[in-house]
Amino acid sequence: MIDFTADHLGFVAASYGIVAVVLVAVVVRAVMKARQLKRELSSQGLSDPGQRDDQS
Amino acid sequence: MQVLANPHRFFSIANRVMPLLWVLTAMTFLVALYFAFFNSPADYQQGETVRIMYVHVPSATLALGIYLLMALASVMAIVFRHPLADMAAKAAAPLGAAFCFLALVTGALWGKPMWGTWWVWDARLTSMFVLMLLYLGYMAVWKAFDDPSRAAVLARVVALVGVINVPIVKFSVDWWNTLHQPASIIKASGPAIHSTILWPLGLMFLAFALLFLSTHLLGLKNLVREQRLRAARMKAVHAK
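So the protein lines, in turn, are chains A and B. Per the numbering used here, residue 1 is the first one in the first sequence, and the count goes up by one each step. Per the numbering used here, residue 57 is the first one in the second sequence, and the count goes up by one each step.
Keep in mind that the hints are not guaranteed to be accurate.
[Said to hold, decoys possible] Result set (DSSO-like, lysine-lysine): computed pairs, CA atoms no more than 30 Å apart in a straight line:
| # | chain 1 | residue 1 | chain 2 | residue 2 |
| --- | --- | --- | --- | --- |
| 1 | A | K33 | B | K199 |
| 2 | B | K291 | B | K199 |
| 3 | B | K296 | A | K38 |
| 4 | B | K226 | B | K243 |
[Claimed, not checked] Selected chain A positions facing chain B (in silico; Cβ < 7 Å):
| # | residue |
| --- | --- |
| 5 | M1 |
| 6 | I2 |
| 7 | L9 |
| 8 | S15 |
| 9 | V19 |
| 10 | V22 |
| 11 | V27 |
| 12 | V28 |
| 13 | A30 |
| 14 | K33 |
| 15 | A34 |
| 16 | L46 |
| 17 | P49 |
[Said to hold, decoys possible] Reference listing, derived: stretches of chain B covered by chain A, where coverage requires no fewer than 3 residues with Cβ under 8 Å from a Cβ of chain A:
| # | stretch |
| --- | --- |
| 18 | 63-71 |
| 19 | 117-128 |
| 20 | 144-158 |
| 21 | 217-230 |
| 22 | 275-285 |
No lab work stands behind these hints: they were computed from the structure. Since the model is a prediction, treat every value here as computed from it, not as a measurement. Cβ atoms here follow ideal geometry from the backbone N, Cα and C, with glycine treated the same way.
Let the hints inform the model, and build the full structure from the sequences given.
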């Protein structure tokens with residue numbers, strides 16, 4: 001179990017904080033891009049690739 | 057691999073696998089974080105800073121592994137002309153860069169309390185920094201050309217030339233006298249880390265790898281969508 005009174009705990013917190021921020025940003029960026037591309041596809045009257053297979 | 061050459065079939069498979077992957081990723085992260093904070097001891101020398109290793113080592117390992125994957129995908133693009141191979145490498149690059157960045161930053165955050173410095177230009181740290189530059193260079197190549205087929209050719213060259221750096225990063229601690237400690241997990245005599253620390257590390261690596269897999273699939277799907285949009289725009293231009 002982590003000792004919250006130990007030395008250098010700020011370095012541990014900063015490491016996990018930066019990792020969390022970067023990984024969440026990477027996932028959010030990909031999800032937002034997917035939404036934007038889906039919108040662009042539908043605005044041009046195109047279906048999302050794979051949709052045809054899913055419906056069959 | 058040829059089964060996935062058809063983008064429709066790839067999407068169909070990815071759509072079925074991805075929800076499961078996201079759930080598995082989230083669950084593995086929860087278990088790994090529990091082990092990392094509440095079910096593993098402090099190191100007798102490093103104290104609580106040993107917990108930085110649980111995010112530093114998976115980041116560094118994935119940064120190296122993803123570059124290898126990009127090189128392999130580039131070979132597949134050249135040899136088999138697999139339509140998704142270049143896209144697989146392109147989608148992997150920003151993720152590899154993110155993991156490489158995290159390895160460098162968490163390494164610096166560990167180095168300051170343990171070594172007394174944020175950074176030294178030793179062989180391991182320098183070669184890891186070179187890996188970061190290779191990722192950025194690879195991504196810049198894709199941005200530099202309007203024609204994706206021309207960008208793909210140069211991107212393959214960068215991936216294949218840059219892969220020389222991967223064994224240099226891995227073995228730098230054996231070939232040169234570095235401040236960075238030598239290999240303690242993947243070595244001939246077996247891991248030099250106690251199982252109470254090795255287990256959380258393994259779980260965290262699994263969580264990072266699953267996150268990469270999920271995000272990579274999502275990125276790959278986005279690139280297929282972009283290609284479809286580009287093709288539609290080209291068709292519209294030629295029809296005029």
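Evaluated hints:
no., hint, in the structure
1, A:K33 <-> B:K199, "holds (16 Å)"
2, B:K291 <-> B:K199, "holds (22 Å)"
3, B:K296 <-> A:K38, "holds (25 Å)"
4, B:K226 <-> B:K243, "holds (11 Å)"
5, M1, "holds (5 Å)"
6, I2, "holds (5 Å)"
7, L9, "holds (6 Å)"
8, S15, "holds (5 Å)"
9, V19, "holds (5 Å)"
10, V22, "holds (6 Å)"
11, V27, "holds (6 Å)"
12, V28, "violated (10 Å)"
13, A30, "holds (4 Å)"
14, K33, "holds (5 Å)"
15, A34, "holds (6 Å)"
16, L46, "holds (6 Å)"
17, P49, "holds (5 Å)"
18, 63-71, "holds (count 8)"
19, 117-128, "violated (count 0)"
20, 144-158, "holds (count 5)"
21, 217-230, "violated (count 0)"
22, 275-285, "holds (count 8)"
Hints 12, 19 and 21 from the list above are not met by this structure, while the remaining hints are.
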